[in-house]
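Take the given structure of chain W and dock chains H and G to it, following the hints.
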Amino acid sequence: MTNHYIDLKNSDCILIMGSNAAENHPIAFKWILRAKDRGAKIIHVDPRYTRTSARCDYHVPLRSGTDIAFLGGMIKYIIDNNLIQDEYVKYYTNASQIINANYDFQDGLFAGFDAEKRSYNKKTWTTEKDEKGIPVRDYTLENPRCVYQMLKKHYERYTLEKVSSITGVSKENLLKVYKEYGATGAPDKAGTECYALGWTHHTTGSQIIRAMSIIQLLLGNMGVCGGGINALRGEPNVQGSTDHAILYNILPGYLKMPSGSLDTLTKYNEKYTSKSTDPQSANWYQNYPKYTVSFLKAMWGDEATPENDFGYSWLPKLDEGKHYSAMHTIDAMYAGKIKGFFAYGSNIAVSSPNSNKVRKGLQKLKWMVNVNLFDNETSSFWKGPGVDPKAVDTEVFLLPASASMEKAGSQSNSGRWVQWRYRAANPPGEAMSDGTITMLIMDAIRALYREEGGPCWEPILNLKWDYRNSLGRFDPLKVAKQINGHYTRDLVIEDKVTGAKEVNKKGETVPSFAKLMTDGSTACGNWLMAGSFDQKGENRMAKRGKEDPTGLGLYPDWAFAWPLNRRIIYNRASCDPQGKPYNPKMKLLEWVGDRWVGDVADGPWPPLADKEKGKFPFIMKADGVGAIFGPGMVEGPFPEHYEPLEGPLTKNPISGQLLNPAVTVFKSDLDKVANADQKYPYVCTTYSATEHWCSGFTRWQPWLLEAMPEAYIEISNKLAEKLGLKNGERVKVASIRGEVTCVAMVTKRLKPFEVEGKVIHQVGMPCNYGWFNPVETADDSVNHLTPAVGCPNTFCPEYKAFMVNVSKA
Amino acid sequence: MKITRRSFLSVSGSIGSGIALTALGIDLTALKAHAAELSKTDRIRRAKQSTTICCYCSVGCGLICSTDMTGKIFNIEGDPDHPINEGSLCAKGAGIFGLTEVNEHRLRKVLYRAPKSDKWEEKDWEWSLNRIARLVKDTRDQDFITHNEKGELVNRVETIGHYGTSNIGNEECWSLSIACRAMGLVNIDHQARV
Amino acid sequence: MSQELIKLIDLSRCTACRGCQIACKQWNELPASRTKNTGSYQNPPDLQWNTWTLIRFQEHEDQSGNVKWLFRKDGCMHCTDAGCVKVCPTEALYHTEFGNVSLNVDKCIGCKACMYACPFGVPKFNAATNKIYKCDLCYTRLQGNQLPACVLSCPTGALQIGPKDIMLTKAYKRAKALGGDASVYGDKFVDGTHVVYVLPEKADVYDHLPQDPKIPLQIIVWKEFLKPAGLMVAGAVVAGAFLHYITHGPKMPEEEITSEGGDKS
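Protein chains in written order, with numbering that gives the first Met the number 0: chain W, 0 to 808; chain H, 0 to 193; chain G, 0 to 264.
Here chain W stands alone, though its shape is the one from the complex (with noise of 0.2 Å):
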C-alpha cells in the first residue's frame, strides 16, 4: 500500500477491484465504510457479487481477466473529458517527456519483440534526454510524441463499445464509473483503489496495476490522504517477507539479486545505482552502495571487509533471464531436476497452481523438510489419493512450529506498519519456533562444514549468526537489531555546512538509513527497516502512541511504518509545487517556512518551485516523477489486454495477439491448455472467503470449518438451470488439467456476461480445500484445474481465469 488502512476513511471515492475486501480484509472494511460515512462513493468492480458488493453504492460485473480493457476504457474517458489534474500530471509525472522516436506499437505488439524468445529488446522504450542528460520536457503536453499525446493514442481504441463488447460490462455501468471515479480529478478530492489477489492472478496482473498508477497519476491521486494504490495483502507478514526477500529475485530491501556477469560488488553497484544528472531529481537511488555494503556487513558480520569485496562473491549468483519462482521451481521438480526442499509455513499441494503436476513433482524429491502448525496435503503427499507410499523414496520431516501468539517479533502490514507482537505462552509439546528451526538447522549444517570442509564453505561458515538467547533459542530483538543496522566501529559524521560533530558510538543503531556508508562502517540487514530503534536502541515497532496530531489517521506514535515512520509514501505530491496541500481540508504535509509539517515528508528539500534546492516528489524514480510511461515492464510501457491463457475466445478483439507475448508457458506433459474449447465452456476464478485462509489452514480449525465445512462451486441459478443442477447438490467440476468434486451453490449473485455477442458463463471457486482434511468430504484442492502459467513480470499464476465443465457428480 502506498498509504495505510486507516487512510481509506479519507477517500471520496473507493474503487475495489481486483479485491473482495469485506470477506477478505473485514477491518479494512471498517474504513472504508467511515468514508461511505462522509458521502464517498464506493464502487465494487468484480466477477462476483460478494459480501463486498452488499456494502458498496453498486457492483459492476466485469469478466475474469479484462481488467486492463475496462481499465484502458477509463484512462481514455479521463483523456478525453479532460478530467486530469492538470498541475499533477504536468510536473510530477513523465506525460510530458518525449518518447524515442523508434518506439512503436502495432496490432498488440511493442516495437522489439522476438516471437521465438517471447521476449522484447527494449531499447526503444525510451524518453530524449538534453545534452546534460536530463529528460526533454514539453509541458504544454501538445507534442505528438510526448508520453501524454502517446498515451491518448495508445487508448483511443479503447471505446465503450469495444471495451463493453470485452469486459461483458454494460456502457451504462462503464460510464458510471468513469464518471464517478474520474471526477476524484479535482485537485481537492482523492480517489483510491484496493487490489488483491484479483488483480495479481492473472498472465497481466502487473499491468492491470499499472493501467491504474497511470489513472490515479492522470487524477493526482497519488501521494495523498483518501488516495494511493492500495494493495490489500493475504498474509500476514507477506509485505515483511517480501522485504526480507524470501524470493529468488531480490534481496533484503529490494536490493538485486546479483547475476553472474557482475563479478564484483563495483559492477554490481555500477549496474544498479541510479543515475541523473537532474539538480531537481532527488534520486534516491543513488545510495545504493549504500545499502548494499551495509547489507552484506549484516550477513557475514566482521569476515566482510573491503578486501573481500565484503564478501559479494559468496552470494549466488542468477544467470540472467533465467527464473526460480515457485513455478518455475515446482517445473524444475516434476522434471527431475530437485532433490531436497523446505516447505515452511505452506501447503504447494493445495496452493499451487495445476496441483497434479505439483504433488507428481513432490514424489521425486529424495528429501522435504516442513515447518508447520499442522499436517497437511504437502507434508503428507506420499500417502495422498493415488499415490503408493511404497513407490515414494522421499524422506520427509514435518517439524512443529509455535504460532504467532507463542513467540515474539515483528510483523508489517500491508500499510507498512511494522508491529511488535508479545510471547503470551510456550508452544506445545516439542513445538519451537521458526526462527529457532531455523537456526538449529544452520548451526547443524555449519557444524558439518566446520568437521568435514565442503565446496565454497566461506558463505556458511562466515555468515553471522550469533542470534541467540541465553535459552539457546532464536533471540528475535537481535536480529531486529541487525536488520535496523548498527555502526561497526565508532564513527564521527562531520556536517559539511556547520562543521558540527556528530559521534556515533560502535554498536549503537543507526536511526535512520540516511546514515548508512559504503565502507563498512555500518551494518544494516535491510535499509527499508534502519530507524526501527531509534540510536538508543528504543524499539519504535513496539510503541503504543495514541495521538494523531493531522487527525488524518495517521498514528505516528503507533509502532514503525517503513521507510523512517511515513504513513503515505510520496506525500510530496500531496502539495502543489509551492508547498500548499492541494486539499487543505486534508493537509498531510505542509511547507512551512523552511520545511514541512505534517507526515514524515519524502525528503527534506524544499518543493518543486524552488529551482535552486526543489525536488520532484517522485523520489525514488530516477527522473523524480511518476511514470505514465513505464518501460520496466517486460511485455510493454503502456498496459495492453490480452486475453488469459485459457478463455472463451479465439481472438483478442482488440489486437492480433491472443495471450501476453512474453508470458512464459511450461511445456510439461501435464501442462495442458484448452482455450475456446467446447468441452470447457465456463470462466472460472478462484479465490478465498472471510472463513478461509490461504490453502485452507483454516480447515483445522473446528469453529472456522463449521462456518464453512465443504468446498463449493459458485455458479448462477441460469447456467444451473440449462445444467439441470440443484442447489447443494454435488458436481463435478473439469478442466483440460483434472477435475474435483464439490457444492452446487447456485445463485442469483452471478450473472453470464455477453462477450463479442456471446453468452459467456461465469463460475467461481473456493481455493482453500484438499484431501486431507476434513476427512468426511476429501474434496480435494481446486488447483486440480488451474494452469501454471503466471504474469511474467512477477510469475503470479493465473488463478483467476481459466476454463472449466460443470456436470452432475
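Don't read these hints as lab results, they were simulated from the structure.
All residues carry an ideal CB built from backbone N, CA and C; glycine is no exception.
Check before you lean on any hint, since a few could be wrong.
[To be verified] Quick list of in silico lysine-lysine cross-link-like pairs, PhoX-like style, CA-CA up to 20 Å:
no.: 1; chain 1: G; residue 1: Lys169; chain 2: W; residue 2: Lys35
no.: 2; chain 1: H; residue 1: Lys136; chain 2: W; residue 2: Lys363
no.: 3; chain 1: W; residue 1: Lys382; chain 2: H; residue 2: Lys115
no.: 4; chain 1: W; residue 1: Lys477; chain 2: W; residue 2: Lys463
no.: 5; chain 1: W; residue 1: Lys363; chain 2: H; residue 2: Lys115
no.: 6; chain 1: H; residue 1: Lys118; chain 2: W; residue 2: Lys365
no.: 7; chain 1: W; residue 1: Lys365; chain 2: H; residue 2: Lys122
no.: 8; chain 1: W; residue 1: Lys757; chain 2: W; residue 2: Lys678
no.: 9; chain 1: H; residue 1: Lys149; chain 2: W; residue 2: Lys321
no.: 10; chain 1: W; residue 1: Lys757; chain 2: W; residue 2: Lys717
no.: 11; chain 1: H; residue 1: Lys118; chain 2: W; residue 2: Lys382
no.: 12; chain 1: G; residue 1: Lys35; chain 2: W; residue 2: Lys807
no.: 13; chain 1: W; residue 1: Lys270; chain 2: W; residue 2: Lys321
no.: 14; chain 1: H; residue 1: Lys136; chain 2: W; residue 2: Lys336
no.: 15; chain 1: W; residue 1: Lys266; chain 2: H; residue 2: Lys149
no.: 16; chain 1: W; residue 1: Lys35; chain 2: G; residue 2: Lys172
no.: 17; chain 1: G; residue 1: Lys201; chain 2: G; residue 2: Lys169
no.: 18; chain 1: W; residue 1: Lys359; chain 2: H; residue 2: Lys115
no.: 19; chain 1: H; residue 1: Lys115; chain 2: W; residue 2: Lys389
no.: 20; chain 1: H; residue 1: Lys136; chain 2: W; residue 2: Lys463
no.: 21; chain 1: G; residue 1: Lys67; chain 2: W; residue 2: Lys717
no.: 22; chain 1: W; residue 1: Lys321; chain 2: W; residue 2: Lys121
[To be verified] Derived contacts from chain W toward chain H, CB cut-off under 7 Å, selection only:
no.: 23; residue: Tyr247
no.: 24; residue: Gly344
no.: 25; residue: Phe396
no.: 26; residue: Trp416
no.: 27; residue: Ala424
Just chains H and G now, with coordinates in the frame of chain W:
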C-alpha cells in the same frame, strides 16, 4: 445467584459432550482443570495480558491474549486500544484462540517418514536436525555449481528449493532469507505470488 | 439497578464477516458442530445449543429485479416481556439489572418450556446435558464493564450497545437516514426488546423474523394462572411436561430442534 461459564463447561464436559469437544479438535480439559469459581471476566482481570498481532490477513489487527498462572492462554480478543481494529475482529481473528494449544491437530513432536514407509514416526530434535543437515550438505556438495556455462562465478545450488513463508515474523524471514543465500540456494519463493 | 441497555444491530452496516458468530463461540467456549454445505454461506443452518448467534444469509430480488444479499445476525432478542422467563419453572432464566435475559444453567431442568414460549425460536436444547442454552448478552462481561463479545468484534459498527434511550434515538435516526423501506424493529412488541434492529428492507422480507412476535396465549395462561398455584421446583419436571402438554398436546418434541450436528459428534 452466580452464573459462570465454569459451571456450564463442567456440566457439558461431564455428560458426554466433552468427547465431542475433543473429537472436534478443541480440547477444553486444560481450561477446566483450572476452573475456579470466578467468572471469565474476573479471571481475565487477574491474568497476564500480552498483545499480539493477528496471524491471518495483512490488516495487522491487535489482539490481547490472556494467560493464566499455569502459562496457558485461555482467551484472545481484539485490542480496543489498537488504532486499526479498535477491538474488532473478523471470523478468523475472533477464532484465533482455536489455533493455540487447545487445537488437537497442532503438531507437538517431530514426525519423520522414511523412504517407502506408509507412516509417520516420532523422532527427537537432535536426530532430525543432524539428519537434515546431512542431507542438505550431501546434496549441496554434490550439486554445487561454482561456474555457469559462460564460465561466470555463480556459487549456487539448483537442486534444493525453499518455499515460505509469509506467516512468520520479520526477524524469522530475514534469517531464513540470509540462510538460504549462505547455502547458495536460488530456488527461493514464498506466498507473495499465491 | 443499573441502566437498561440495548444492543443495536444496524443491518445496513453488516458485512457478514461472522466475527460476532465466532467471537461468541470463543468467549462462551462453545464447541463447533460438523456441518454440511447446503448451497448457502449460512452455517450452522440455525441457532443451536452451541451457536448462540448466527449470521443468516439470504438472497433477495426486489421488484425491479435487483439482487441483494441480505445478512441478519440472529440471536436472543432479550425481551422485556420475555416468554422464556415467564414460563421457566425454576427461575433459571431471569432478567438482570441491564434488562437482558440471562440463564443459570445449573438451575435448568431441561423442561423445554422456554423453547415454546419464545416467539423467536432462541433457546436450544442439548440432549447430552438435558439443558437449554442461549445468549445471555455476555452478562459477566457487562458486569465487568466490558462489551459483549459480539459487539467488541464487530468491525463496521453494525453492532453497538448502550443505554436504551440513546440506542433507540440512534436507531430511528439511522433508519430515517437510510430512507426507503428502512425501519426499526424491536421496540414495539413484547414491551420492547433489548436487541433492536435497523432493517434496511421491509421487515417481512427477512427470513425467520416474526412480524408480530408475541408470547403464545397458553404461556400467559400458564404464567398467570397455573404456575402460581403452588408448583414447586422439585416438581418442575412434571410441571414442564404438563406445560408442554397444554401448549402442544401429547406429542413430545423431537431432537431435530437442536438442528443438524448440534449435539451429535
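Legend entry - Earlier hints that do not hold, by number: none
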